[in-house]
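First residue of the sequence shown? That's 45 in the numbering used here, and the numbers climb one at a time after it.
Heads up, some of the hints might be wrong.
Computed cross-link-like contacts, EDC-like style, restricted to lysine to aspartate or glutamate with a CA-CA straight-line distance of at most 20 Å [what the hints assert, rightly or not]: (1) K226 - E186; (2) K131 - E106; (3) K123 - E95; (4) K210 - D200; (5) K53 - E129; (6) K131 - E148; (7) K158 - E61; (8) K121 - E106.
Don't read these hints as lab results, they were simulated from the structure.
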Amino acid sequence: MRTIDEILKLVCNFLNENNIDYVIVGGFAVLFYGNPRTTMDIDYVIQLVDEDIPILIKFLQENGFYADEDDMRAALKEKSHCTVEDKETMFRLDIKGVYSEMDERVLRNKRKLKFNDTTVYLASPEDTIANKLLFGREQDLEDALGIYVRQYGTLDMEYLEGICKKTGVYDAFQCLRKRYEKYENKYGDKYAR
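Please construct the entire structure, taking both the sequences and the accompanying hints into account.
Next comes the structure, spelled out in structure tokens:
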């Protein structure tokens with residue numbers, strides 16, 4: 045049975061080889077930046093042109109995923125996401141297009157990284173924090189704090205503050221900073237990278 049890491053490698057290698065622009069966001073980005081959590085999916089923001097859709101669907105189907113071209117086209121048209129499940133494990137790929145200024149920003153600021161000898165493009169920690177604050181569920185706020193704690197000192201604070209102001213989550217960011225200060229006072233830099 046293949047692991048989520050193997051699925052990530054398989055899909056990213058395909059996207060890289062076919063020059064399809066993408067960025068990984070969500071729980072996998074949170075994990076990469078050092079905040080332990082569980083996830084059953086890999087969230088992709090993909091810049092898909094019409095002729096790439098059948099190529100991507102064929103690849104997914106040939107590699108053991110439930111994937112449907114009509115579903116993907118409908119999701120992209122509706123500015124939603126398409127869920128593709130691995131038949132063997134039920135791990136999921138959540139694929140969405142570039143629909144907003146936020147999506148464009150995350151794609152533009154992506155980080156090129158090596159993960160198990162595979163080039164992957166991951167949302168920056170700053171964009172991941174800002175997006176998690178924007179989504180605002182309890183898990184999202186914990187994810188944002190975890191990244192902030194583990195990446196503190198490496199974050200582009202000017203950019204992070206600016207994007208939080210621009211997206212209307214500056215107050216939430218200030219709360220996160222206060223939580224970090226309490227955390228730092230209690231634990232020091234014990235859990236920071």
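Here's how the hints hold up against the structure:
{"no.": "1", "hint": "K226 - E186", "verdict": "holds (14 Å)"}
{"no.": "2", "hint": "K131 - E106", "verdict": "holds (11 Å)"}
{"no.": "3", "hint": "K123 - E95", "verdict": "holds (18 Å)"}
{"no.": "4", "hint": "K210 - D200", "verdict": "holds (15 Å)"}
{"no.": "5", "hint": "K53 - E129", "verdict": "holds (16 Å)"}
{"no.": "6", "hint": "K131 - E148", "verdict": "violated (31 Å)"}
{"no.": "7", "hint": "K158 - E61", "verdict": "holds (15 Å)"}
{"no.": "8", "hint": "K121 - E106", "verdict": "violated (24 Å)"}
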